[in-house]
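Engineer: Could you build all of it, start to finish, from the sequences and the hints given here?
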Amino acid sequence: MLVPSPKKTKKPTAPANPNFRGFLNLNLTDEDKITIKGTVYTEEDCFADLMKWIDSGFKFTFSEDEYNHCFQVIGTRQQKDHPDYGIMMSGRGSTPTKAFKQWIYMQTRLVEDANWSDLLDDSPKFVIDD
Numbered sequence: 024m025l026v027p028s029p030k031k032t033k034k035p036t037a038p039a040n041p042n043f044r045g046f047l048n049l050n051l052t053d054e055d056k057i058t059i060k061g062t063v064y065t066e067e068d069c070f071a072d073l074m075k076w077i078d079s080g081f082k083f084t085f086s087e088d089e090y091n092h093c094f095q096v097i098g099t100r101q102q103k104d105h106p107d108y109g110i111m112m113s114g115r116g117s118t119p120t121k122a123f124k125q126w127i128y129m130q131t132r133l134v135e136d137a138n139w140s141d142l143l144d145d146s147p148k149f150v151i152d153d
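So this note's numbering is basically just the index in the sequence shown, starting at one, shifted up by 23.
Honestly, the hints are just simulated from the structure, not real lab data. The reader is advised that the hints may include incorrect statements.
[Unchecked claim] Okay, derived cross-link-like pairs now, DSBU-like style, lysine-lysine, Cα gap no bigger than 30 Å in a straight line:
#1 Lys103 <-> Lys75
#2 Lys103 <-> Lys82
#3 Lys82 <-> Lys60
#4 Lys75 <-> Lys60
#5 Lys75 <-> Lys56
[Unchecked claim] Have a look at the derived ranges for each label pair, beta carbon to beta carbon:
#6 Ser117 <-> Asn42: 29 to 35 Å
#7 Ser140 <-> Ile57: 15 to 21 Å
#8 Thr65 <-> Lys103: 18 to 24 Å
#9 Thr58 <-> Asp104: 30 to 36 Å
#10 Asn48 <-> Asp104: 32 to 38 Å
#11 His92 <-> Ser140: 28 to 34 Å
#12 Pro106 <-> Gly61: 32 to 38 Å
#13 Asp68 <-> Asp88: 19 to 25 Å
#14 Lys56 <-> Gln102: 21 to 27 Å
Glycine included, each C-beta is placed from N, C-alpha and C at the ideal position.
Structural biologist: Set out below in structure tokens:
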């Protein structure tokens, strides 16, 4: 006779990153897209900007998004005491350099000096434009 095994209760699991607060989702206008495409941005520019933003307290992750057939960069604050810690903003493009170019544009032209916390919006948006 087979005896069923006792039912195991699932323990609640903690999120992978308990500090994650969400993605900063920004809409690019048609004018923004034209400006980004028209901006010459070399790999040397990308590396110089990357070092500048890292030195100012950001952390970046570059990856290939196979599902959407693009590259993405995700930037977030490194300092746990920064008001925007735990918020992420992504840029996408057909190359890692173009993804970072989009991220730079959004940070310098759309966010400027605002706190990401003030702009946080949970609505899903997806734009690849280079």
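Engineer: Take the hints in turn and mark each one as holding or not.
Structural biologist: So, going through the hints one by one against the coordinates:
1. Lys103 <-> Lys75: Holds: Lys103 and Lys75 sit about 19 Å apart, inside 30 Å.
2. Lys103 <-> Lys82: The hint holds at about 12 Å.
3. Lys82 <-> Lys60: Roughly 25 Å separates the two Cα atoms, so the pair holds.
4. Lys75 <-> Lys60: holds (22 Å)
5. Lys75 <-> Lys56: holds (24 Å)
6. Ser117 <-> Asn42: 29 to 35 Å: Hint holds: Cβ distance 31 Å, inside 29 to 35 Å.
7. Ser140 <-> Ile57: 15 to 21 Å: Since Ser140 and Ile57 have Cβ atoms about 30 Å apart, the given range 15 to 21 Å is violated.
8. Thr65 <-> Lys103: 18 to 24 Å: Hint violated: Cβ distance 34 Å, outside 18 to 24 Å.
9. Thr58 <-> Asp104: 30 to 36 Å: holds (34 Å)
10. Asn48 <-> Asp104: 32 to 38 Å: violated (24 Å)
11. His92 <-> Ser140: 28 to 34 Å: holds (32 Å)
12. Pro106 <-> Gly61: 32 to 38 Å: This hint holds: roughly 33 Å between Cβ atoms.
13. Asp68 <-> Asp88: 19 to 25 Å: This hint holds: roughly 22 Å between Cβ atoms.
14. Lys56 <-> Gln102: 21 to 27 Å: violated (32 Å)
Hint check: violations occur at hints 7, 8, 10 and 14; the rest are consistent with the structure.
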